[in-house]
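Engineer: Chains as they are written, first to last, in our numbering: chain G, 2 to 399; chain D, 213 to 584.
FYI, nobody ran anything at the bench for these hints, they're computed from the structure. Misleading hints may appear alongside valid ones.
Computed list of chain G residues with no C-beta within reach of chain D, every gap over 10 Å [what the hints assert, rightly or not]:
no.: 1; residue: 22
no.: 2; residue: 49
no.: 3; residue: 70
no.: 4; residue: 155
no.: 5; residue: 265
no.: 6; residue: 286
No farther apart than 27 Å at their CA atoms in a straight line, the calculated lysine-lysine pairs in the DSS-like style are these [said to hold, decoys possible]:
no.: 7; chain 1: D; residue 1: 351; chain 2: G; residue 2: 268
no.: 8; chain 1: D; residue 1: 390; chain 2: G; residue 2: 268
no.: 9; chain 1: D; residue 1: 351; chain 2: G; residue 2: 274
no.: 10; chain 1: G; residue 1: 274; chain 2: D; residue 2: 441
no.: 11; chain 1: D; residue 1: 533; chain 2: G; residue 2: 330
no.: 12; chain 1: D; residue 1: 579; chain 2: G; residue 2: 330
no.: 13; chain 1: G; residue 1: 394; chain 2: D; residue 2: 470
no.: 14; chain 1: D; residue 1: 391; chain 2: G; residue 2: 274
no.: 15; chain 1: D; residue 1: 390; chain 2: G; residue 2: 274
no.: 16; chain 1: G; residue 1: 201; chain 2: D; residue 2: 244
no.: 17; chain 1: G; residue 1: 394; chain 2: D; residue 2: 473
no.: 18; chain 1: G; residue 1: 268; chain 2: D; residue 2: 405
no.: 19; chain 1: D; residue 1: 533; chain 2: G; residue 2: 263
no.: 20; chain 1: D; residue 1: 441; chain 2: D; residue 2: 316
no.: 21; chain 1: G; residue 1: 111; chain 2: G; residue 2: 54
no.: 22; chain 1: D; residue 1: 477; chain 2: G; residue 2: 394
no.: 23; chain 1: D; residue 1: 580; chain 2: D; residue 2: 533
no.: 24; chain 1: D; residue 1: 473; chain 2: G; residue 2: 201
no.: 25; chain 1: D; residue 1: 579; chain 2: G; residue 2: 263
no.: 26; chain 1: G; residue 1: 268; chain 2: D; residue 2: 580
no.: 27; chain 1: D; residue 1: 477; chain 2: G; residue 2: 239
no.: 28; chain 1: D; residue 1: 402; chain 2: D; residue 2: 355
no.: 29; chain 1: D; residue 1: 473; chain 2: G; residue 2: 239
no.: 30; chain 1: G; residue 1: 142; chain 2: D; residue 2: 477
no.: 31; chain 1: D; residue 1: 533; chain 2: G; residue 2: 267
Given the structure is predicted, the values throughout are model-derived calculations rather than measurements. C-beta atoms are modelled at their ideal positions from N, C-alpha and C, and glycine is treated no differently.
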Amino acid sequence: MNFEYSEKEKQFRSEVKQWLDDTLPKSLSDKVRKHQRLSKQDYQTFMTILNDKGWLATHWPTEYGGTGWNAIEKHIFEEEIIIASAPRIVPFGTIMLGPVLIEFGSEEQKKYYLPRILNGQDWWAQGYSEPGAGSDLASLKTRAVNMGDHYIVNGQKTWTTLGQHANKIFCLVKTDIESKPQSGISFLLIDMDTPGIEVKPIITLDGEHEVNEVWFTDVKVPIKNLVGKENEGWTYAKYLLTFERTGIAGVPYSKTALNHLKVISKKTFKDGKPLIEDPVFSSEIAELEIDLLAMEIFNLRTVSAASNGKAPGMESSLLKIKGTLVRQKTTELLRKAIGPQALPYLPEQFDEGWNDNPIGPDYAGLIAKQYFNMRKISIYGGSNEIQKNIVAKASFGL
Amino acid sequence: MDFSISEERKMLQETVSRFFESNYENINKRNKNVNLADGFDKKFWLEGAELGVISALISPEHGGLGGSGDDLSIIFELIGKSLCVEPFLSSGVLSSTILSSINKPKIDIINKIIEGKLLLSFAHTEMNNRYEDTYIETKASKKNDKWVVNGIKSFVLNGDSANKVIVSARIDGNTNDKKGIGIFLVDHDKITKRSYNTIDGYRAAELEFSNSSGELLARDDEALRCIIKANSAGALALSAEALGIMQICFDMTLDYLKTRKQFGKTVGSFQAIQHRMVDMMLEIEQVKSAVMLASSTFHADDITRDKHISAAKNLVGRVGKLIAEETIQMHGGIAMTWEYSAAHYAKRLIMIDHLMGDSDYHRDRFKKLTLN
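So that you can see chain G by itself, here it is in the shape it has in the complex (with noise of 0.2 Å):
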């Protein structure tokens, strides 16, 4: 056994490093340090610099402009973009449709939308949720008749997020209501400028506004804008869902946190004492950290796995339900770290250019906003009770 990274790895590591160091703007790794709200050419900036450098499509073979990356290549990548302070990937174009399009997309759709999710011409959202179909995406009830030579859809998705910086969303439609819900699922591709679309922002627990409403009205889409076989649709959003994920666990994002929360601990002082002095709770972040280190190996060993070609199942749902866990504890840590600094929030203090005191700490302002808006993690992309059940299903034989 040998838990080191090969010379030709680390190799690559220092080359991601060295790049993002020479390359990334430093006003966008101070904005994600700050975790000042990005806007949509933050984004799109750092997607363009990536493009230019080839490194943009991770997920696609080379042919098509991507980086043909192995599992363990993808993992360092994405380790390091998250070290570097880069704004993430959006990964509706990138990581979630590209690649469904390479394996069913026409000639005419590949030749079309891939190099424009490279460009930056487009920006896609996800239309899949709908306020009846969570959980049981198979529900879906967005309806699109075929009229010939174009479809009329009508309905809703909800949870789209940064919808409201979409010119595309691709979606899961119902084209046959007779059949079992799961066989009469067509996959669409629509143009957000499309008259009948409207999007309405859906504003979270902290406040912000990260995901939206995306309503149908008599909307007209080309037949061509279709994705392989009408009523086939469900094989690929599965295809999409189960897409390799090797980034699910959020390993790096704990490591940060973690980091952050001795930090913290050794700047608050609890009863005049440094807060890491105290040994409950100095115990609690030794218990995450026994638990970060073994889910690390634990996803790398899934990685290497993928990397010699052996497709993730389950361990993608055990990853990400321990993942989501891990990642919300360091939210509870750094909570309770500081204690009532935790109470103040100015909202103002996450836009671009705010140059004000804080309340205390420069950090203390964000962390009960993360803790409150990082339980979405554990919701979204398939609940960590959809995993249990996918998991109990597919390997207990009961």
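Mind docking chain D on chain G? Use the hints.
Structural biologist: Coordinates of chain D only, in the frame set by chain G:
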């Protein structure tokens, strides 16, 4: 043994409950109050005073009509259920406890608090003081025979709109000494304020005292005894408030599980979910019991009082996290939204653990009070 509440208290409960319900009909109304100039609705506050809600928090010997642990718990459980943001805690509990516990109680000021005409705030917490009673950096000294206060107090509930502020300050000794503490009454115009909303929608302020003249209310043992009592009373009130919130969270979650359908059946029909609801129910019963016990010993000797209040507040911190997190998780995305009231209940429940001592603080205090 009799665990039922008296007829009188039942009437109080019903009256106050109706009053809160009529003024806090939905979460939008509440969130509107949060954004008013003072962070609460002054009209509602005065109406509450007139109805006797503040009076119910203060004992007859100090001019009120209640003041027992049970009274406090009844009112604050209802405050929790409505997510009410009016300054019942800062003025009605913390400040009035100090003013009634000093050797020469300030009955005239308490009367005005009861009428809602004077709003007082208790400024004890500091940026480097987590929840400790004795950790005080703010200084008080005598200048030309008059007391002046210097320093900064943090996270002062309703500190921006208070007419007068009760501030703890160190007369002598080191920052964390038990001796040398004084409490002072300072007029609001002697203080520089920076106000803000807390993440759960309450109003607080940073208060800067710069040679601010104040009246000495108590010092040394007397002062510390009053600070401990005020913080304990606050912890009891918050525990009861949390209990009210937990019951709302439980009811909302259960309702949702009965109506929300996925996979052709209600989410609540899954056994894995039912068991989690039973865990929540059980823990809420535990909290209810701990709050009852702490309420019943509120007027016992200081050690008994603080032991049971710490037990309740510790349990509230632990169970509060469970209920808040499970409420959001079992609702799914809908409870992540601003529009849905469960999100605001969950936020308040979590942030109650950041006021008047968190679960760790009260576990440690319980240990000190019981194991030595």
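Engineer: Holds or violated: residue 533 (chain D) and residue 330 (chain G), Cα atoms, limit 27 Å.
Structural biologist: This hinted pair holds, its Cα atoms lying about 12 Å apart.
Engineer: Does the structure keep residue 441 (chain D) and residue 316 (chain D) at a Cα separation of 27 Å or less?
Structural biologist: This hinted pair holds, its Cα atoms lying about 16 Å apart.
Engineer: Is residue 274 (chain G) within 27 Å of residue 441 (chain D), Cα to Cα?
Structural biologist: 24 Å, holds
Engineer: Residue 268 (chain G) and residue 580 (chain D): Cα distance at most 27 Å?
Structural biologist: OK: residue 268 (chain G) and residue 580 (chain D) at ~25 Å, within 27 Å.
Engineer: Since residue 286 (chain G) was said not to touch the interface, does its Cβ keep a gap of more than 10 Å from each Cβ of chain D?
Structural biologist: Holds: least Cβ distance 13 Å, greater than 10 Å.
Engineer: Would you check the hint for residue 579 (chain D) and residue 330 (chain G), treating anything up to 27 Å between C-alpha atoms as holding?
Structural biologist: 25 Å, holds
Engineer: Verify the proposed pairing of residue 579 (chain D) with residue 263 (chain G), using a straight-line Cα cut of 27 Å.
Structural biologist: Holds, at about 26 Å.
Engineer: Straight-line Cα separation of residue 477 (chain D) and residue 394 (chain G) no greater than 27 Å?
Structural biologist: Judged against 27 Å, a Cα distance of about 18 Å means the pair holds.
Engineer: Are all C-beta atoms of chain D more than 10 Å from that of residue 155 (chain G)?
Structural biologist: At about 21 Å from chain D, residue 155 (chain G) clears the 10 Å cut-off, so the statement holds.
Engineer: Would you check the hint for residue 477 (chain D) and residue 239 (chain G), treating anything up to 27 Å between C-alpha atoms as holding?
Structural biologist: Within the cut-off at roughly 23 Å; holds.
Engineer: Is the hinted pair residue 351 (chain D) and residue 274 (chain G) satisfied, with a Cα-Cα distance of at most 27 Å?
Structural biologist: 21 Å, holds
Engineer: Given the hinted pair residue 268 (chain G) and residue 405 (chain D), is their alpha-carbon gap at most 27 Å?
Structural biologist: 26 Å, holds
Of the hints listed earlier, there is not a single one the structure fails to meet.
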